[in-house]
Structures are given as C-alpha cells and as structure tokens.
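Visitor: Chains A and B, in that order, are what the protein sequence lines are.
According to numbering that gives the first Met the number 0, the first sequence holds residues 0 to 704 in order.
According to numbering that gives the first Met the number 0, the second sequence holds residues 0 to 120 in order.
Just so you know, these hints were derived from the structure itself, not from any lab.
Treat the hints loosely; a few may be bogus.
The calculated BS3-like cross-link candidates involving lysine-lysine, where the alpha carbons are at most 30 Å apart (straight line), are [said to hold, decoys possible]:
| hint | chain 1 | residue 1 | chain 2 | residue 2 |
| --- | --- | --- | --- | --- |
| 1 | B | Lys2 | A | Lys160 |
| 2 | B | Lys74 | A | Lys5 |
| 3 | A | Lys160 | B | Lys65 |
| 4 | B | Lys107 | A | Lys5 |
| 5 | B | Lys40 | A | Lys160 |
| 6 | B | Lys90 | A | Lys163 |
| 7 | A | Lys95 | A | Lys5 |
| 8 | B | Lys2 | A | Lys186 |
| 9 | B | Lys107 | A | Lys95 |
| 10 | B | Lys116 | A | Lys186 |
| 11 | B | Lys35 | A | Lys223 |
| 12 | A | Lys223 | B | Lys74 |
| 13 | B | Lys116 | A | Lys223 |
| 14 | B | Lys116 | A | Lys163 |
Some residues of chain A that are not near chain B, with every Cβ distance over 12 Å (derived) [unchecked claim]:
| hint | residue |
| --- | --- |
| 15 | Glu14 |
| 16 | Ser49 |
| 17 | Glu178 |
| 18 | Gln267 |
| 19 | Ile295 |
| 20 | Leu308 |
| 21 | His463 |
| 22 | Leu662 |
To give an idea of the chain A side of the interface with chain B (calculated C-beta under 8 Å), a few residues [unchecked claim]:
| hint | residue |
| --- | --- |
| 23 | His4 |
| 24 | Phe8 |
| 25 | Glu11 |
| 26 | Arg41 |
| 27 | His44 |
| 28 | Lys47 |
| 29 | Ala111 |
| 30 | Ala162 |
| 31 | Asn164 |
| 32 | Phe166 |
| 33 | Ala170 |
| 34 | Val173 |
| 35 | Asn177 |
| 36 | Gln190 |
| 37 | Cys192 |
| 38 | Phe228 |
Even for Gly, the Cβ is constructed at its ideal location relative to N, Cα and C.
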Amino acid sequence: MKDQHKQAFMEEAYELLTELESSLLELEDAPEDMDIIGRVFRAMHTIKGSGAMFGFCDIAAFTHEVETVFDLVRNGRILVNKELIRHTLDARDQIKSLLDASDGGNDADTGAGERIIAELRRFLPEGPGEKPEASSKASPVLKTPEAPLPQVRLTYRVRFKPAKNVFFSGANPVALLNELRGLGECKIVAQRCELPLLDELDPELCYIYWDIILTTSEGVNAIKDVFIFIDDDCELRIEIIDDGGWLDNEGGYKRVGDILVERGDLSQQALKEVLSEQMRVGELLVAKGLVGPDKIQSALLEQQHVKELRQEREKQESVASIRVPAEKLDILVNLVGELVTVQARLSQIAANRSEVDLSSVAEEVERLISELRDNALGIRMLPIGTTFSKFKRLVHDLSRELGKDIEMTTAGAETELDKNVLEKLNDPLVHLIRNCIDHGVETPEGRVAAGKPSKGTVHLAAVHSGDSVLIRISDDGAGLDREAIRAKAVEQGLIPAGVELSDRELYAQIFAPGFSTAKKVSSVSGRGVGMDVVKQAINSLRGSIDISSKPGNGTTITIKIPLTLAIIESLLVKIGNDSFVMPLSLVDECVELTRKDVENSHGRNLADVRGQIIPYIPLRERFKTGGTPPPIEQIVITRINDTRVGFVVDSVVGEHQTVIKSLGRAYRNVKGLSGATVLGNGSVALILDLPQLFNAAENDAKFLH
Amino acid sequence: MGKVIMTADDSASVRQMVSFTLREHGYEVVEASDGKDALQKLGNRKVDMLITDLNMPNLDGIGLIKGARTLPSCKFMPIIMLTTESQDSRKQEGKAAGATGWIIKPFKPDQLLAVVKKVLG
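Using the sequences and the hints, build the whole thing.
Guide: Here it is as structure tokens:
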C-alpha cells in the first residue's frame with residue numbers, strides 16, 4: 000500500500016520537476032509574470048506537502064526553504080532576477096538528486112543542498128537564518144493530548160453555544176455532541192429558551208445550545224479538540240464540577256425532616272405527605288419565571304450525574320484491596336480449622352439427638368463454616384507466577400555459567416496455591432531446574448550435533464487438576480540414560496540385578512539417597528545429594544513426583560501438590576474400633592468385598608471390579624489390628640500415580656472435613672501416616688498416607704517373589 | 000450507501016492517498032484535479048463532503064470554497080481544507096470563505112479519517 004503511494008509521489012514529483020524547470024526558464028524571459036510565478040510556487044508547494052506526507056522528509060525540508068523564497072516572490076516582496084533563477088534551478092536539481100537517492104540512486108550531496116539554501120536565504124528581506132513559519136512539518140491536525148496525565152476521571156460541565164450561523168460553515172453540532180459522547184459518560188440537555196416564534200424562525204439558523212455533563216479521563220484538551228473547528232464561532236465554557244474524589248466531603252448533612260423522623264418527633268408517613276405538597280426549588284423557580292425549565296432540567300441532570308458518579312466510586316473504593324500480615328491469615332486459618340472440628344462435633348450431637356431445632360441449626364452452621372473455610376483458605380492463595388519469575392533469573396545465570404544457551408518458558412503463572420505450599424515448594428523447584436540445566440539440556444555443540452536447535456528450552460507449567468496443582472518442569476535435552484540409571488541402581492543395591500522394571504520404576508530410583516549418574520561433579524549439581532531431598536520435601540507437602548523421559552527428546556518432571564495444607568476433604572473409614580481418614584482427592588470409588596470374593600481370589604488380593612482386575616491391600620492385615628473382619632468389607636479404590644489400587648477397610652463412614660494436625664515427634668517417622676485429626680466425638684483419627692502405603696506394599700511384594 | 004467525499008487537489012499522489020484511505024473505510028470518492036474541475040463536478044452530482052487543497056491552478060481552494068457555498072446543494076456541506084501552512088491568516092481566510100475545518104499537511108490516514116468522522120458524524 001505504502002509503496003504504491005510512494006511510487007505515485009515519485010512519478011508526480013519528477014513530472015513537477017520537469018514543469019518547474021520549464022517554468023523557471025520561461026520566467027527568465029518574463030520575470031514579472033505572476034502566472035508563471037504561481038506555477039513555480041505550486042510545483043514546489045506540492046512537492047513539499049506530498050513529500051512530507053509520504054515520508055520524504057529531506058525533500059520536504061529542503062523544498063520548504065525554496066518555497067519560502069517564492070512565497071515572498073508571489074507576494075511581490077522579492078523581485079525575480081537572473082541570480083534567483085539560477086539558484087532555484089540549482090535547487091531543482093538538488094531536489095531531483097534527493098529523489099534519485101530515495102529511488103535507489105546515489106546519495107545526494109547534502110553539502111550542496113546547504114550551500115544552495117544559504118544562497119537563497121540571502122534573498123530573504125529579513126536576513127539569513129530566519130524562518131517565517133517554523134512548524135510546517137510538525138503539528139498534526141488534532142492535537143493528541145500529550146502524555147495523558149495519570150488517568151484521572153474528571154467531570155466537566157460544558158456549555159456549548161454555537162453561533163447562530165454555524166450551519167453555513169458546514170459544521171454539524173450533532174456530530175460534535177456525538178463525538179463528545181465518545182469521550183466518556185455523557186449527559187446532554189438542549190436549551191431551547193432562545194427559540195423564536197415560528198414566524199420569526201429562520202430554519203437555517205441554530206437557536207439551540209447545549210449543556211453537557213461529561214465524565215472522562217481524557218483531559219480538558221480532548222474536549223476542546225472536539226470543538227477545534229468552530230473555536231471562534233461558538234461560546235464554549237468548560238468547568239470542572241467533580242475532580243475524582245476531592246469534593247466528596249461536602250454536603251453530607253442530614254435534612255431537617257430526616258432528623259425529626261429519626262428522633263421520633265415526626266412519622267415517616269407524615270413527612271412524606273408534607274414533602275409531596277411542597278414544591279421543589281426547581282418548580283418554584285420556574286413558577287416564578289426566574290429560570291426556564293430546560294435550565295432546571297440541566298441542573299437536575301448534573302446533580303444526578305454527579306450522584307451516580309460518587310456512588311460508583313464508593314463501590315469501587317470498597318472493593319479495593321488491603322494488605323494484611325501473613326501471620327494474621329495463618330491465625331485465621333487455624334481458627335477456622337478449630338471451628339471445623341467443633342462443627343463436626345455439633346453435627347454429630349445433632350444427629351444423635353434427632354431434635355429438629357438442633358439439627359437445623361447444626362446444618363446451617365455446617366454450611367456457613369464450609370463457606371468460611373473456603374474463603375479463609377482462598378485468602379491465602381497466591382499465584383505461582385511470583386515464584387516463576389525468580390526462576391527466570393536462575394536459568395539465565397546458570398546457563399551462562401555453564402556455557403549453555405537456554406531459554407525458560409512458563410505457562411499457567413496465574414495458577415493459585417496456598418502461600419505456605421508455595422514457600423515450601425521453592426527449594427525443590429530450584430533443585431529440579433538446576434538438574435534440567437546441568438544434566439538435561441546439552442551444550443550448544445552437543446545439541447547441534449544431535450540435530451536440535453542450539454538453544455535449549457526449560458518449560459515450567461502449572462495447571463489445576465481437581466484439588467491439586469500439577470507443576471511440570473520439562474526440558475528438551477538428552478533425556479534420562481536408562482542403562483546408566485539401571486547400572487547405578489544395581490551397583491548401589493537399590494534393585495536386584497536382572498529384574499525387568501518399567502521406565503517409571505526405574506526412573507524413580509534417582510530419588511534414592513546418594514544417587515547420581517553424573518560423570519563429573521559440577522558446582523551446580525551431581526553430588527547425589529538433592530533428588531532424595533526433593534522427594535522428601537514434596538512428600539511433606541502431601542504431593543507426589545513423577546518422571547517421564549524420552550531419549551533424545553528430554554525429560555518431564557511432574558509434581559502434584561494439594562492446593563492447601565491445612566484442611567482437606569477426606570473419607571472417614573473404620574478398621575476395628577479405629578478411625579482413619581483418606582484424602583478424598585485420591586479416592587475413585589468404594590466397592591464391597593465379600594468373604595466369597597476373598598475365597599475366589601485365592602489369596603492373591605485381587606478384586607474384579609466390573610471386569611477390571613484391581614489389586615488391593617488389606618489394611619486390617621497390614622496394621623495387625625487383630626479381631627475378625629466383618630463379613631462384608633469395603634474396598635476403597637484409589638488412584639495413585641495413575642494406578643488403581645484398593646485399600647480394604649471394615650466400613651466407610653463418609654466424607655469428612657479433616658483439619659490436619661501433625662503427629663508428635665515420636666511418630667513422625669512412621670511410614671504410611673501423614674498426620675492426625677480430631678473427629679466430631681473428640682476421638683483421634685490417623686490420616687493415611689496412601690501412596691506411601693502402596694509403595695511399601697509393592698516393595699514387599701517384589702522382594703517376596 | 001456510503002457517503003460521497005470529493006478530494007480536490009492538483010497533486011495526484013495526495014488525491015490517491017486520500018481516495019485510497021477513504022475508500023478503504025467505505026466512503027465513495029470523487030476526484031478533482033483543481034478548483035474549476037471540482038466546482039463543475041459539484042454542480043453535477045450530490046457530494047456529502049469536500050476535502051480541498053488551497054494551492055491549485057485555475058481556481059484555488061479559497062475560490063472553490065466560496066463557489067461551492069453558493070451552490071444550494073453545498074450550502075451546509077462540510078468542507079475541509081488541506082494546508083501546509085499553519086498560519087492563522089490562511090486558515091482565517093478559508094474559514095471566512097466558508098470552510099468547516101482544516102487538516103495540516105503532512106497528515107496520516109488516521110488523522111484524515113478522524114476529521115472526516117468529526118464533520119460527517
């Protein structure tokens with residue numbers, strides 16, 4: 000598009016130059032012919048104007064100087080002589096070489112241009128160096144309000160009274176009012192008081208004027224710009240009537256009537272009746288003929304506009320955020336936790352008593368507390384993006400240190416996580432990213448040799464999944480070396496030699512303490528300390544970690560973290576007289592396990608659930624509870640690391656909001672438990688760490704076979 | 000139906016730029032190469048708006064504006080003058096002749112459209 004216009008300009012300019020040349024030569028013979036002088040002037044004028052428009056600024060600037068001289072010639076203030084024509088011809092040649100230059104020819108001699116201008120300036124009567132009008136290039140038509148000051152919304156009262164003959168200049172007041180409407184919230188009242196009687200009315204004149212109340216952040220210049228063309232032909236008054244909050248304090252007093260009603264001296268009804276009899280100020284004024292009805296309407300409109308504006312602002316102010324120290328939130332969440340426990344007791348008591356009054360109150364309390372809990376936990380949520388940005392720097396620094404070219408990309412920065420979880424997640428993530436950079440992504444040379452772009456990528460992504468957050472750290476590096484891991488694991492006695500393991504099982508070995516396959520220890524990683532610490536940290540957050548890798552294509556580490564640490568939805572189950580809770584996030588379904596089923600499975604602990612064979616772990620056996628199981632037991636089927644596995648319990652009580660309490664120091668290292676909670680009846684239930692129980696059972700099974 | 004705008008300019012490249020920009024935004028454009036040509040064309044057909052240069056051969060912009068205002072169909076038509084000078088005298092002269100507004104050259108397509116919108120509503 001642009002080039003097409005430029006091309007058109009060039010063609011035209013060459014044409015004009017030819018014409019200019021012949022005109023100048025003609026002028027030499029008839030130096031006083033105003034017609035020829037006009038032609039010369041117009042040719043240069045067009046070259047200047049069009050040149051500037053299509054980006055030929057050098058040409059425009061140069062031509063402007065020549066044009067200035069000929070403007071004076073045109074006005075008869077300079078007389079044409081041979082010398083002037085000679086210099087102008089030089090100037091014409093200079094314009095041509097400037098044109099040639101922009102058409103791909105040789106660069107024009109700017110020195111020559113300056114000399115010509117200096118020569119021409121000597122013709123100016125005012126003396127050299129002075130330019131009659133400096134702003135030929137600048138000054139766009141509509142002044143775009145320069146640096147729109149901080150977006151302050153101001154309310155203006157504008158009175159726009161065009162001259163009566165405004166239509167004769169082609170102006171359209173309605174278009175201007177519409178343009179004003181585009182600036183912000185706007186109310187317009189037409190003032191008709193100057194309308195004459197019909198037989199005196201000239202339909203081509205404008206008798207109406209307008210009062211406008213406008214709230215805008217564009218500034219007063221934008222309003223003035225609307226009326227720029229009829230600046231001189233109209234009466235324009237612009238006043239600020241509301242400055243965005245400063246004036247709100249005035250006028251907050253009560254009316255006499257309201258005060259009397261408040262004191263009980265007057266009934267509301269009586270006040271209303273009296274008020275309805277009373278005439279409004281506006282009506283009074285109109286009745287007395289002091290002010291026209293349009294003026295009153297305009298004033299009322301202004302009042303209403305400002306009122307609406309202030310109401311809206313109050314609303315906005317009330318939703319503005321406040322800063323609260325984190326400890327206060329922790330205390331709040333703890334209190335909510337206690338409240339949840341107490342509520343569980345209340346619900347239980349209500350259920351036992353079967354009193355309608357009590358149970359309805361208990362239900363109400365349960366609903367409210369559940370809402371309170373969600374809100375309290377929600378307050379502590381922070382977007383994970385704050386952590387991500389820290390890692391960008393880490394990647395940048397480390398990759399430079401190691402001589403690698405690595406870019407970090409992120410996704411899901413807005414995903415929210417409990418503040419406490421986020422803090423505890425920092426170190427493990429740092430470690431994993433370091434591993435990616437050090438072991439994962441190859442050196443630029445190595446990458447090019449492997450047919451990949453020399454720049455590596457580490458991708459960090461967070462996404463919600465149920466009541467958990469999945470954090471993925473992936474690189475496009477070499478991937479894990481399966482055989483090296485196997486050899487190392489066998490060497491360290493982690494797995495028996497010759498056992499065939501799935502990729503997932505094998506990769507899980509790198510989380511064993513002291514495990515490292517790095518050939519050399521770098522300052523960044525490779526000492527074999529770390530991955531086990533990462534795993535522990537994630538476990539302490541009741542999360543899980545999972546690795547997948549493709550040789551040559553890179554590694555992806557997925558961390559699954561519960562949204563919050565304090566309170567979880569869980570399933571309450573019983574084994575013998577003991578209560579246990581399982582995180583509901585892991586539970587898929589519950590099925591019955593009859594004696595007959597157990598006999599049919601011949602001691603292999605496998606259940607047939609709608610045709611799918613699911614292994615189960617009899618917790619009664621594992622916990623050595625003793626006693627006899629009920630004839631029909633329950634299998635709670637869970638999903639752990641994408642494997643469906645059942646846990647057999649005596650009975651399932653139901654869902655339970657579990658406030659997690661950590662176990663005392665003596666029990667901290669007990670495998671399979673992640674904490675405890677207080678039930679409604681005051682007794683204690685242990686929180687089962689299902690992934691850990693599953694792993695333990697799996698390992699036992701492996702070594703048995 | 001799109002509004003009809005006339006561009007009167009002796010510079011073909013400016014006419015081309017103006018027509019191109021306006022046509023792209025749904026206006027119909029009539030081109031005139033000078034004031035005389037423009038005035039003749041204004042008499043022949045309905046035009047909603049005129050954009051004219053001030054310096055033109057045969058009949059200049061001021062003359063064109065004055066002439067147009069005498070035509071009944073152009074009495075209230077918006078007329079925008081293109082001018083390189085930002086001198087007030089030239090603007091005043093145009094306004095006195097009956098111009099609605101002005102655009103200072105060089106201008107960008109956006110500025111042209113803003114002005115067209117302003118006066119055509």
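Visitor: Could you work out which earlier hints the structure fails to respect and list their numbers in ascending sequence?
Guide: 2, 5, 11, 15, 16, 17, 29, 30, 31, 36, 37
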